[in-house]
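Participant: Chains as they are written, first to last, in our numbering: chain A, 1 to 261; chain B, 1001 to 1199.
Keep in mind the hints are simulated off the structure, nothing from the lab.
In this text the structure is predicted, and so the values were computed from the model without any measurement.
Cβ coordinates follow ideal geometry from the N, Cα and C atoms, glycine included.
Mixed in with the good hints there might be a few duds.
Reference excerpt, derived from the structure (chain A facing chain B, CB under 10 Å, subset only) [unchecked claim]: (1) Gly44; (2) Ala155; (3) Gln156; (4) Leu166; (5) Ile169.
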Amino acid sequence: MEPGRKRIKYWQWLPILVFWLLVWQLAYTLIGSDLLLASPLQVGSRLLVLVGEGHFWLTAGLSILRITAGFLLGVAIGVIFAVLTARIRLMWLLFRPVIVAIRATPIASFIILALVWMTKARVVIFIVLLMVVPIVWANVVEGIRKTDPQLLEMAQIFGLTSSQVLRLIYLPSVSPFFLAAVTTALGLGWKAGIAAEVLSTPQPSLGSELYNAKIYLETPNLLAYTLVIIVLSLILEKLLLWVLNRAESYFKTHGRLGDAA
Amino acid sequence: MSIRIEKISKAYGELKVIDDLTLQLPSNGLVSLSGPSGCGKTTLLRLLAGLEQPDSGLIKGIEKRIISMVFQEDRLLPWLSAADNVAAVLSSKRREALNWLERVCLPEEFAGYYPAQLSGGMKRRVALARALARPGELMLLDEPFTGMDTDLKENLFPLLWETATRRLVVLVTHDLTDIEALAGQAYRAEGPPLRLREA
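All chains should be modelled from the sequences, with the hints used to inform the complete structure.
Facilitator: As structure tokens, then:
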């Protein structure tokens, strides 16, 4: 939300939505070709047909499963790499160039390369992972490095154990960086995952449906699946934020000192 | 066992903060150092705490001592309440932490407040409670009374005297009236490099 602006309620979005639907309809009328742009009505009716089919839910479910697997693996690997590179200089020197190279390489290059190496379903998981690891790694490393050295000195003087230092100092210090990383990584990972599905066409998948729509010039199908992808991305992001907020409120309710407190 | 500081020196770049300082500290009691800011008092405390090493010289008798400290900054964990900050050094004994907060005159209703919600003087009291709560042999206090009024300080002095019967308390302050009120072994500090003379 922009600073100083009031939060807009859900129902207040309705006129905005109607406005953009009208713009879409106007563009459709002006273009006058179903091939170039389908109308909102065509896309809406195609969506209604799709959600009534079992195949659609299987397709969406498997895409979510692949992308979530890649995302979770990427988060885990990103955190492990961050801890290792922040603590061990040799690891930093060894792996930093690799991560920088991954960030700079076009995702399409990795997709094509991965197609040679592995099965289609694994390509998607691998590509999402590659997208997520550098983001999580960079943020968590920054979080570790920005941990207040004065608090670490305090912990040293008061003889806090390694697990106390982790729980009481590092985790709360790093968590804002981690939260920012995972929310950004989920959005980017989702888009990269769909792109990987378009190029690798695992069956069934949302990406391969997009690919088929392009091949057979089914513009309403293309736009309907694009809308599905956008909505699923928003739902997954909200779900992730809900889980993270629950975790944070758990810490606030139970304290960080554990049950003995 | 007493602490013996033998001919220690410490420099930061070109600045000699401590130069060839020798000092004997008792095994318990209250030792206070007062002097202007930047004369090297905090550096001496950090050397006693083992947070820094002298460039030359020796500090004997601090090996394996359990130390607690009030730092120049509060150094409270911002995500823990006042009581939990104290409990963190007590293996999570919250009841005991509340007792210590009461002893440093922090009203109970503030025990659940986070550091950002407390005044400067309240934060100092939480930091003092944390240092007092940790059973140890050496307590180092760097300007512990910052932000406190005279009445409050006078309420805390007996707590320091009582603590000093069981362990060595080294207090650093720029306020001479604190030193006069607290008595004990008192030094006036000048520098840098740090020079100490009995007050």
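Participant: Hint by hint, note whether the structure agrees.
Facilitator: Hint check results:
1. Violation of the interface hint for A:Gly44 is found here, the shortest Cβ-Cβ separation to chain B being roughly 48 Å, above the 10 Å cut-off.
2. Interface hint status for A:Ala155: upheld, as the beta-carbon distance to the closest one in chain B is roughly 9 Å, under 10 Å.
3. Nearest Cβ of chain B to the Cβ of A:Gln156: about 7 Å, under the 10 Å cut. The hint holds.
4. Residue-level restraint check for A:Leu166 is violated (minimum Cβ-Cβ distance to chain B is 13 Å; threshold 10 Å).
5. Annotation: A:Ile169 was flagged as interfacial toward chain B, and the flag holds, the nearest CB pair being 7 Å apart, inside 10 Å.
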